[in-house]
Amino acid sequence: MRPTLAVWKFASCDGCQLTLLDCEDELLALTGRIEIAHFLEATAAVGEGPYDVSLVEGSVTTPEDLERIRHVRAISRKLITIGACANAGGVQALRNFADVREFASVVYASPEYIETLADSTPIAAHVPVDFELHGCPIDRRQLLEVLSAHLTGRKPDVPAHSVCFECKNRGNVCVMVAHGTPCLGPVTHAGCGAICPAYGRGCYGCFGPTPNWSGARPNTRALLPWLDMTEDETERVLSTFNVSAFREEPGGGPEESGDDPPQ
Amino acid sequence: MHRRGDGAAFAHTAGPQSWKPFLHRPRVKLWDADRTGEGFEVRDQAPDPPRYAFLGVRPCDLRAIAVQDRVLMGGRDVDPDYRARRQGAFIIAVNCTEPGETCFCVSMGTGPEAGPGYDLAFTELVDDDGPRYVVDIGTEAGAAVMADVPSGAAAGADVERARAEVRAAADRMGREMPALGLRDLMAENLDSPRWDDVAERCLSCGNCTMVCPTCFCTKVTDTTDLTGDHAERWQLWDSCFDLDFSHLHGGNVRASAKSRYRQWLTHKLGTWHDQFGSSGCVGCGRCVVWCPVGIDLTAEVAALRAEAP
Chain D
984 MRPTLAVWKF ASCDGCQLTL LDCEDELLAL TGRIEIAHFL EATAAVGEGP YDVSLVEGSV
1044 TTPEDLERIR HVRAISRKLI TIGACANAGG VQALRNFADV REFASVVYAS PEYIETLADS
1104 TPIAAHVPVD FELHGCPIDR RQLLEVLSAH LTGRKPDVPA HSVCFECKNR GNVCVMVAHG
1164 TPCLGPVTHA GCGAICPAYG RGCYGCFGPT PNWSGARPNT RALLPWLDMT EDETERVLST
1224 FNVSAFREEP GGGPEESGDD PPQ
Chain E
-19 MHRRGDGAAF AHTAGPQSWK PFLHRPRVKL WDADRTGEGF EVRDQAPDPP RYAFLGVRPC
41 DLRAIAVQDR VLMGGRDVDP DYRARRQGAF IIAVNCTEPG ETCFCVSMGT GPEAGPGYDL
101 AFTELVDDDG PRYVVDIGTE AGAAVMADVP SGAAAGADVE RARAEVRAAA DRMGREMPAL
161 GLRDLMAENL DSPRWDDVAE RCLSCGNCTM VCPTCFCTKV TDTTDLTGDH AERWQLWDSC
221 FDLDFSHLHG GNVRASAKSR YRQWLTHKLG TWHDQFGSSG CVGCGRCVVW CPVGIDLTAE
281 VAALRAEAP
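Chains D and E, in that order, give the protein sequences.
Here the first sequence is numbered in our numbering, starting from 984 and rising by one per residue.
Here the second sequence is numbered in our numbering, starting from -19 and rising by one per residue.
A portion of the hints provided could be inaccurate.
Stated by the list, open to error - Derived DEER-like restraints, expressed as beta-carbon distance ranges: (1) D:Y1096 x E:D209: 30 to 36 Å; (2) E:L160 x D:G1163: 55 to 61 Å; (3) D:G1183 x E:R7: 56 to 62 Å; (4) E:A121 x D:P986: 57 to 63 Å; (5) D:L1001 x E:E168: 55 to 61 Å; (6) D:G1163 x E:D107: 34 to 40 Å; (7) E:P96 x D:R1219: 53 to 59 Å; (8) D:E1216 x E:A124: 56 to 62 Å; (9) E:P96 x D:I1178: 41 to 47 Å; (10) E:R7 x D:P986: 27 to 33 Å.
Claimed, not checked - List time: in silico DSS-like cross-link candidates among lysine-lysine, alpha-carbon distance up to 25 Å: (11) D:K1138 x E:K199; (12) E:K199 x E:K9; (13) D:K1138 x E:K9; (14) D:K1061 x D:K992; (15) D:K1061 x D:K1138.
Don't read these hints as lab results, they were simulated from the structure.
The structure displayed is predicted, hence computed values, not measured ones.
Using N, Cα and C, we set each Cβ at its ideal position, and we do this for glycine too.
Construct the entire structure; sequences and hints are all you get.
Laid out in structure tokens, this is it:
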């Protein structure tokens, strides 16, 4: 019997789920190996759980989400979060640094009907996550790699180094050094294949900060003075899809002052 | 950077990347395998390299190729893809007469005059009516090429001028990093506070290692396709600045940026001597240029010297 796959949506734009449908050339091979049992974006037909693998998109933003994510975890053997919302709270985590009731009063005619949490939080803040796949949206090749790896029972080849690795691998000349274009590539998790710098744009960090020092944040503070941006521009570039992840760091600064910690 | 008005073709300094990606490729497939009725059929990837001619190899980069030769095909363990590409390569070096702000080949003893290893070495002479070249012939293959090129015996005055211009370039290096005692300096200052200082600035992004013409580290990764019937093994560039580089059972042994930068510099300038009999630095200056936050190893070394007990 084929293993079953379920796809779940929380607070998100659906772009990461669509990446699965974007695997046009590979969809037949994929469904030959795995039964897509729950994927409302593709079909209203729902196969019964529990499921072998769940892909979870979106962040937790409502009291109902809090219940639902525990249910999803309970009926999933392996839970993989996909995208910036699920891994870092998404752009909607801007509310974490403001008053969400004020936002609601501006946006909705009758805000009293809106039941929402004060913070937008990543899935891992609520339930154990087996693997986090980054991106906004996630990368199609990486999604297939993670699913292939799961089916074979091996570790996915999803490197956690900086986007600079991908630029150098594909022969991009550094947009920051050569042209002065502000670029978050040095502190951003690889995975996109360095798309933006390949077309002369700076990286805007949609894959989130690259891990450093046993899971803490990279040395973003050391990069900022070299980006040649105003304070407002800096604030803005760090306040997008991974706002909560990038903002965790500035207060603390680089942690790497000592020797390596005991493992 | 500015354009010279005299039509010189080789007045540039080291470019964004060395010849490394042509010889020591970022991605090399080692083998692939398909499932058969009885098990797996594994196919080794036989090297099938293009034959390259490298035109305009700077003396620092020529030495870098020699350093990688020693690492990748000079010992017991040979990288077959590198060797196949390297053995077919034809090298036309160009001596430096226009060093840059970040050059320090003189300190590392690699330039501005090309050392051994070239097939041909040019020195560019620029006159009012354009450039001419004094050519040193290094190999029989080089001589065979020159036999087909319109050329004549170099006039003594031209040769003298060519040598003088290269000598003069040695006095115009933008940086210096005295090589004397570097190995001991590295070995004896592992606890210097300077490593903390540089860790405050380092992003551990890995750019320095990837533009370094001698950095050679690779990792091996296995992939399978969705069917599970096809597998591939790839060799990929790796970097000591990648957190996973030192991932052993139980965790990363060089988790901090401090330990990673220290590993890179002390290997490059120190333990490289013990391992390969030379420095790993050729003074090309690329790691200085392409560091997004301007970390300059010549300045770090000077600071380590100044702070050494």
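May I ask which of the numbered hints given earlier this structure violates, with the numbers listed in increasing order?
Numbers 1, 2 and 3 - these are the hints that the structure violates, sorted from lowest upward.
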